[in-house]
Structure formats: structure tokens, C-alpha cells
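Peer 1: Listed here are the chains, written in short residue letters.
Number of protein chains: 2
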Amino acid sequence: MDLKDLFRSIKDLENKEVTVRGWIRNHRDQKTFGFIDFSDGTCGEHLQVVYDDTLKNFSEIQKMLVGCAIEVNGVIVKSSGNQDYEMKAVEIKVLGNCPEDYPIQPKRHTREFLREQAYLRPRTNLFQAVFRIRSVAASAIHEYFQSHNYVYVHTPLITTTDCEGSDQMFKLTTLDFNNLPMIDGKVDMTKDLFSKTSYITGSGQLHGEAFAMAFKKIYTFGPTFRTENSNTKTHANEFWMIEPEIAFCDLEELMNIEEEMLKYVVKTILDRCSGEIDFCDQFVEKGLKDKLTKLINSEFVRITHRDVVDILKKADVKWEFEPDYLEDIAKEHERYITEYFNGPVFITNWPKDIKAWYMKENSDGKTVAAVDLEVPGAGELMGGSQREEDYDTIIKRATSMGVDLAVVDWYLNLRKYGGCVHSGFGMGFERLIMYLTGVDNIRDVIPFPRTPGNCEY
Amino acid sequence: MDLKDLFRSIKDLENKEVTVRGWIRNHRDQKTFGFIDFSDGTCGEHLQVVYDDTLKNFSEIQKMLVGCAIEVNGVIVKSSGNQDYEMKAVEIKVLGNCPEDYPIQPKRHTREFLREQAYLRPRTNLFQAVFRIRSVAASAIHEYFQSHNYVYVHTPLITTTDCEGSDQMFKLTTLDFNNLPMIDGKVDMTKDLFSKTSYITGSGQLHGEAFAMAFKKIYTFGPTFRTENSNTKTHANEFWMIEPEIAFCDLEELMNIEEEMLKYVVKTILDRCSGEIDFCDQFVEKGLKDKLTKLINSEFVRITHRDVVDILKKADVKWEFEPDYLEDIAKEHERYITEYFNGPVFITNWPKDIKAWYMKENSDGKTVAAVDLEVPGAGELMGGSQREEDYDTIIKRATSMGVDLAVVDWYLNLRKYGGCVHSGFGMGFERLIMYLTGVDNIRDVIPFPRTPGNCEY
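Residue numbers (my numbering), protein chains in the order written: chain A, 4 to 460; chain B, 4 to 460.
There could be a bad hint or two in this list.
Unchecked claim - Straight line, CA to CA, 25 Å or less: simulated PhoX-like cross-link-like pairs of lysine-lysine:
(1) K266(B) x K7(A)
(2) K194(A) x K199(B)
(3) K199(A) x K189(B)
(4) K96(B) x K419(A)
(5) K194(B) x K174(A)
Said to hold, decoys possible - Every beta carbon over 12 Å from chain B, so not counted as near; a handful from chain A, in silico:
(6) E63
(7) G290
(8) F324
(9) E364
(10) S366
Calculated from the structure, these hints are not laboratory results.
C-beta atoms are modelled at their ideal positions from N, C-alpha and C, and glycine is treated no differently.
Work the whole structure out from these sequences, hints included.
Peer 2: In C-alpha cells, the structure reads:
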């Protein structure tokens with residue numbers, strides 16, 4: 004049986020015989036008995052297996068090394084040691100051996116070393132916790148949206164139109180680089196599979212809006228890509244995004260949704276991954292559990308970009324980047340403002356020239372109805388906006404910002420055919436996991452991270 | 004409020020005033036009153052809105068066209084017509100106009116026409132049903148695996164190793180096709196973002212196996228890609244796959260899991276999408292509901308490839324492709340065999356030379372422990388196998404099948420470090436949706452399908 008089910012009903016299992024299959028995480032053998040620290044990966048808890056020399060293959064068991072796959076048949080008994088329950092082995096069989104040079108030994112490994120063992124690191128306590136939280140968080144996101152009448156939409160990965168701009172996008176091809184078809188001295192892209200240049204997407208938003216105009220409330224949850232050649236703790240070339248889009252929804256309602264959704268996810272993680280959160284609280288980010296518990300019970304601050312800049316200007320801090328009413332805010336500002344309010348902060352109404360062309364212009368003519376959610380420790384967690392719903396206004400704004408109208412004509416048409424006030428946001432899934440676990444490097448919350456120069460495994 | 008919530012509690016809402024926002028699907032206006040067929044996309048049911056000339060903007064309302072976004076404030080009343088309840092309008096406001104040349108008029112459109120209006124077609128009854136079923140099916144898949152202790156793993160999309168072979172894969176690049184860096188007369192791929200040639204994946208299986216060796220039970224659910232230049236009803240270049248991988252699981256147990264999971268999904272769709280299924284039963288596939296109900300209560304047939312070929316050879320049919328003990332079975336054979344058993348059929352133990360290198364060789368030396376699930380109408384829905392867990396055997400098999408061992412050395416190492424009997428399968432999500440809806444063209448179950456020469460929107 005799965006260890007998760009075993010621990011769920013362990014009281015009922017006392018003095019009963021059960022069979023488990025999993026791996027040896029640690030092994031201490033004495034002369035006439037031994038202890039195996041056993042885990043099958045279905046939960047964070049390990050089972051202590053006790054065996055002694057009454058077992059007929061005692062000497063064989065004694066030689067079993069860390070990493071070995073085993074089947075244990077045994078009786079659940081009250082432990083005399085510090086654990087509540089343990090298993091008294093009746094039979095232990097090897098299912099898969101593991102040699103002495105196994106890289107994942109029961110000691111502290113650096114995260115840098117483990118990154119080089121990306122296919123083995125999920126066997127360590129830290130990555131067991133991180134990837135289990137990642138899985139439950141994904142599930143909680145689906146639960147939230149499904150229970151609120153949203154339709155999950157698989158927007159296309161392969162695209163020729165993208166709201167983030169093609170300079171940030173990977174090109175996709177079936178052509179042979181060393182034998183490219185040429186026409187008039189240029190590569191003939193009509194010979195490619197889609198008869199033109201195609202990309203993998205940086206956002207599903209534009210396609211999501213089309214579906215919001217049919218289903219009212221939709222969300223996407225899928226991988227996105229950026230070609231950014233930057234090696235920081237928060238950038239990866241491949242990451243997952245959640246992009247909800249809601250018809251008949253303005254900026255205020257959008258913030259309500261963002262806040263409610265985030266609280267649901269955090270609450271679910273505290274409920275279902277309490278062991279994992281305790282582990283991360285102890286070994287990754289002291290105070291993590293308090294931070295998350297506080298978030299559920301707090302009301303998020305809502306403040307305009309202008310007022311944020313006011314606060315930053317008044318602050319007794321020597322800034323690397325001077326706060327400016329017309330500029331984006333820097334990492335140092337994000338940090339200051341979330342510490343200032345000691346919790347998550349919605350920053351609204353951003354200067355229009357630094358924000359995307361599809362965002363709704365406010366009546367002041369200077370700002371757009373955009374909102375970023377900043378959270379302590381992780382910075383920007385979500386970015387959203389009310390979308391410009393007026394056909395003539397969006398054409399003007401898109402033109403002035405250099406968008407090729409021909410490529411997005413279908414998107415613009417959504418404003419002609421029963422278009423309405425609507426809003427949406429994007430949440431970087433890895434940012435969320437970093438916030439939930441306290442892990443500060445994006446490479447350590449992605450199963451097999453892709454960063455510049457790094458596409459191993 | 005959402006129409007879905009309204010219909011859920013419509014009895015309690017009788018004689019109460021509510022506000023809804025959505026779109027006009029049809030409109031019949033008489034001299035002193037009118038009927039609006041209203042939908043907001045949150046459910047398949049439409050609301051009949053009745054208005055009359057006591058409303059102060061009566062003449063304006065009369066001119067509202069199909070496709071118009073409106074807000075209706077009204078009272079829920081028992082209908083005198085054929086519907087149970089309708090809404091008597093107190094106020095109707097236009098939120099977004101729609102012109103007369105709106106392509107989606109309330110009449111029968113061909114699917115070919117609607118494919119050319121991919122951004123508008125989700126507003127039609129058929130695509131409302133299909134994409135709502137798609138969303139609920141995705142949710143049901145997550146529910147099944149999460150409740151059975153599986154960890155959801157986001158295996159990488161960008162990869163340099165892939166079990167399907169790179170000739171079927173899209174290359175990915177940040178290089179400028181018209182200004183490629185050259186070295187020794189060839190393109191210098193070290194100048195690309197990952198310093199080598201990279202691809203977008205055709206399967207997450209290999210990476211999934213690494214995680215199954217840590218978490219025991221995992222599943223993936225993400226997009227996959229094939230460059231296949233084929234224009235059929237069942238092929239797309241981008242599609243979604245579910246790939247579970249389970250440690251300590253042999254072929255028999257794998258079939259149990261496949262069967263249980265599929266039944267759970269079908270049952271969930273019948274429960275939560277009964278209106279959508281009724282619609283598809285009436286307009287897409289007669290008998291659909293019976294087919295799905297029968298599946299839940301049937302036991303899937305399990306039969307070897309050899310026995311299938313025996314049946315095919317004995318059949319009184321003139322085959323286009325002669326059945327052969329050493330060959331794959333053709334579409335016509337799939338059809339025959341599911342009709343023969345009148346239900347889903349697991350076909351096991353396939354000739355080893357036509358199956359992948361990672362599959363476990365059976366003791367007969369001729370077949371591998373692979374299983375395909377064939378379902379009536381949709382053909383192969385899942386393909387799985389027990390994986391070869393023995394290090395020396397898989398090296399031999401991989402070598403003989405021309406696999407570059409250096410590229411998959413980490414994968415092979417999984418057999419060294421506590422490897423064990425394990426199995427997994429892949430389910431094409433679009434095939435599932437085609438089976439659940441009766442829609443026979445893959446282009447009509449994908450929001451924005453990508454097929455050769457076709458990457459619009």
C-alpha cells in the first residue's frame with residue numbers, strides 16, 4: 004500500500020500486517036538487528052522498519068544500501084523510540100539494487116550539486132517537499148477555477164501572434180539549418196511546416212480573451228517561453244503560467260478574484276502539505292508558516308503607482324534607482340513597499356507608456372488600469388489589467404505602440420462583436436512555488452529547469 | 004450572477020430579481036414585446052428573457068442584434084411556454100454592440116466555415132459543449148490522479164532527449180535564419196541559447212520515469228508536438244497528453260489503472276456535463292450517451308496481439324492490409340476488433356520489433372509487455388508498457404535499435420540506482436475528447452488547432 008494511505012489510517016493498522024514498496028533512505032545495522040528509514044515518495048513521512056536476525060535473509064538485508072528498492076512485509080507496531088509507530092519486518096526483499104557510489108547519500112548536499120543531478124534530486128527531502136507542494140498547488144488552482152464556473156482552455160503553444168512581442172520568442176522550425184531553402188537571397192519560410200515563421204508562445208492571453216467572450220470566465224494553465232538571455236535566480240526560459248480572463252469584470256473585481264484565488268491556494272497547501280510546509284519552515288525559510296497563515300487572514304493593500312512612488316520618495320533610503328512617477332518600480336522598491344505594508348500589495352494605475360498596448364487607458368489620459376500584485380519575499384506574483392474594450396481606442400493605442408495590426412486583426416475584432424469590459428491576469432507558477440516554499444532560486448522549483456546554456460536531461 | 008449558478012438554484016429564485024450579463028444568441032421582437040435567447044457561456048442552458056413596451060428603452064432593445072453583450076435585470080418567473088422558467092426583464096442595457104455582419108448567426112454553420120472563424124466558434128452551441136467537456140475532462144483527470152496519491156510533474160517542453168526520436172520533433176532556435184553563425188561550413192549551434200540544438204518535446208515519459216523513481220506514482224499533463232506532415236482527421240502538430248508513470252507496477256496493474264481512470268473520467272462527464280452530452284448525443288453521435296454509460300459498467304477485454312491477429316485472419320473480411328503476427332494492426336483492424344467485442348479492448352504483448360526500445364521484453368524473446376487500449380469509434384486511446392528495468396538488457400535493446408546512449412545516459416542510470424519494475428502509459432487528450440463528444444475531426448476539439456500549413460490565429 005502507499006505510505007500516504009498507511010499513515011492516514013495507521014491507528015487502524017496497529018498489529019496488522021501490510022506490504023509496502025519503496026526505497027531505503029537510510030540504514031543502520033547492528034549485530035542482531037537493524038533499522039531502515041523507508042520512504043515510497045507518496046508522502047513526506049518516512050516509515051521506520053525494524054528487522055532482526057530471526058529473518059532468514061538477515062545477512063543479505065544487512066548489506067542493502069541506501070537507494071535500494073525494496074518490498075517490506077511487516078506488522079505495524081507502537082514504537083518504543085521517538086516515533087509513534089514503526090514496522091516490524093516479517094520479510095524484506097530487494098526489488099532493485101543500488102551501488103555504493105549512489106550520488107544521493109543521506110547527508111546534506113548543496114543545491115548546486117543537486118542541480119547537476121536533476122534526475123536524482125527529487126529523491127531528497129527538500130525536493131520531495133517542493134515538488135509535492137508544486138503538484139498540490141496546481142491541483143488547488145484547478146479546483147478554485149473549476150468551482151467558480153471557469154472553463155479551462157488550452158490556448159495554443161505554437162503561434163504566429165503573441166502579446167509579448169516576437170523578439171522575446173523562440174522560433175520553431177522543421178527546416179534543416181544546414182540546407183535551408185532560399186528565395187531571393189533569403190530563407191524561404193513558406194517551405195516550413197506552417198508555411199511561415201512560427202514561434203512558441205510567451206502568453207495565452209490574446210487567445211484566452213477570445214474564449215472569455217464566449218464562456219465569460221476562462222483560465223489557462225500551461226507552459227510559456229522567453230528567450231531572455233539572463234542568468235538570475237528568478238528567470239527561466241521555460242515556465243508555467245496561469246492566465247484567467249473574465250468578461251464583465253473591471254479592475255476592482257479582478258483584484259478580488261486574485262486575492263480570493265491566492266488565499267484558496269495558500270489555505271489548501273497549509274491543509275494538505277502541512278508536513279512539507281513544516282520542513283520548509285525549518286530548513287528553507289524561517290517563519291514561512293506564519294507568513295502563509297497571516298496571508299490568509301489579511302486584507303491585501305490596494306494602492307496606486309503614484310502613491311507608491313510618493314512613499315518611496317519620502318523613505319529614508321539611498322536608492323540605486325530613483326523612484327519616478329513615469330517609470331517602473333525596481334526590485335529594491337518592491338521589497339521596500341511589501342515590507343512597509345508587511346504583506347501583499349496591489350499596485351494599480353501604472354504610467355501608460357511602460358505598460359502593454361492592450362491595457363485600458365484611464366480617464367486621466369496618463370495611466371492604464373493595470374495592477375501588479377507584490378508579495379513579501381517573491382516580488383511580483385501576478386500582473387493583470389482591464390483590457391481596452393473600445394475598438395477605435397485599441398487601434399489607436401496599438402498603432403502608436405508599433406503593433407502589426409494585420410497579425411492581431413482577429414483579436415481586435417473581439418471589440419466589434421459584442422465586446423465588453425473585461426480583465427485578466429497572469430500568475431507565474433514558479434514564482435508562486437517560490438513564495439509557498441521559501442526556495443529562492445527558480446531552478447530549484449522546476450523539475451528540469453531550462454536557462455541559457457543549460458538544457459541538460 | 005453566473006447563469007450556471009442561476010439554473011442550479013432557479014426554484015429558490017422564483018419571483019426574485021437578479022442581474023445577469025452575457026450575450027444575445029437569438030432575438031424575436033414583436034410589436035409590444037420580445038424574446039431574447041440569452042447565454043453567458045457558464046453553462047449550456049440558455050435563459051429566455053421576455054421584455055415588453057413598459058420598459059423605457061423598449062425601442063432601443065428591439066434593435067439589439069444577435070451577438071450583442073447585454074446586462075439584464077429581471078425577475079425569474081414560471082414560463083407559460085415550453086420552458087420551466089424565464090426572466091421577465093426590468094431593465095436591459097447594452098454593454099457591447101454587435102453589427103449585422105456578425106458571422107455567427109443563429110443558424111446551422113458548417114464546421115469547415117467555423118474552423119475559419121476559430122476565434123468566434125466557441126460561441127456556438129456545438130463548441131460550447133465540446134470545450135466545456137474538454138475543461139471538465141481535464142479537471143476529472145487531475146482529480147483522479149491527485150486522489151490516488153499521484154504527483155503532477157511538469158516535465159520539460161524544451162529538451163535535447165526524447166523517447167520519440169528527433170526526426171519527429173520541431174527544432175527551437177533564437178538564431179536569425181538569414182544570418183546564421185557558421186563554423187567549418189556548418190551552422191554553429193553553440194551560438195544558440197542553449198549552446199546546442201534543442202527541440203520541443205514529443206513526450207515527457209523519460210523525465211516522468213525519473214520522478215516515478217522518487218514519488219512512486221506520477222503523471223504529466225501537458226502539450227506535446229509532432230512534425231508529422233499529415234492532414235488527417237486524427238492528426239495535429241500540437242496536442243495534449245497525459246502520461247502517468249508508476250513504480251512497482253506491472254502490465255496487469257497498469258491496465259487496471261487505465262480502466263479505472265477512464266471510467267472515472269467518463270462518469271464525471273456524464274454527471275457534470277449531462278446537458279452537453281445530451282446535445283452531442285442528439286446532434287453529433289447518435290447513441291453517444293448509451294456508449295458512455297455502457298463503458299462505465301463494462302469490463303474491458305484483455306487479449307494478446309497474437310490472438311487479435313487470429314481473430315482478424317478468421318474474419319470474413321477482405322482486408323486492405325493483411326493481418327500479420329509481426330506487424331502493427333491497421334485502422335480497419337482496430338475498428339473490427341472493437342466492434343467484435345463491442346467495447347474497449349486492451350491489446351497486449353506486441354511484436355518487439357515494431358515497438359519502442361524502452362519496453363520490457365517478454366520471456367518469449369519475441370514480444371514486449373506493451374498494451375494499447377482500443378475504443379469503439381476513436382481507435383487507439385492509450386498506449387502503454389512495462390518499462391525495461393534491467394540495465395544490461397535495456398542497453399542491449401537501445402543499442403540494437405540505434406539509440407544514442409550518450410544522450411540518454413541519465414535515463415539508463417535510473418536502472419542502476421534502485422530501479423524497479425515500473426510501467427506507464429500515454430493518453431492523447433484530444434482522442435479522449437473525440438471519444439467523449441463523438442466529434443470526428445481533431446481540429447474541432449482543439450481551441451486553435453495547428454496542422455500542416457495551418458497556424459492561423
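Peer 1: All hints, please: hold or fail.
Peer 2: Right, here's what the structure says about each hint:
The suggested pairing of K266(B) with K7(A) holds, with an alpha-carbon distance near 24 Å, which does not exceed 25 Å. At most 25 Å may separate the alpha-carbon atoms for a hinted pair to count; K194(A) and K199(B) meet this at roughly 23 Å. Restraint check for K199(A) and K189(B): satisfied, since their Cα atoms lie roughly 24 Å apart, inside the 25 Å limit. This hinted pair checks out: K96(B) and K419(A) have alpha carbons roughly 17 Å apart, not beyond 25 Å.
A distance of roughly 15 Å separates the Cα atoms of K194(B) and K174(A); the hinted pair therefore holds under the 25 Å criterion. For E63(A), the non-interface assignment is confirmed: its Cβ lies about 16 Å from the closest Cβ of chain B, beyond the 12 Å cut-off. For G290(A), the shortest C-beta to C-beta distance to chain B comes to about 27 Å, beyond the 12 Å cut-off, and the non-interface label holds. Listed as outside the interface, F324(A) is consistent with that label: its C-beta sits roughly 28 Å from the nearest C-beta of chain B, beyond the 12 Å cut-off.
Taking the minimum C-beta to C-beta distance to chain B, about 17 Å, the non-interface status of E364(A) holds against the 12 Å cut. Separation of S366(A) from chain B is adequate, the least Cβ-Cβ distance of about 18 Å exceeding the 12 Å criterion.
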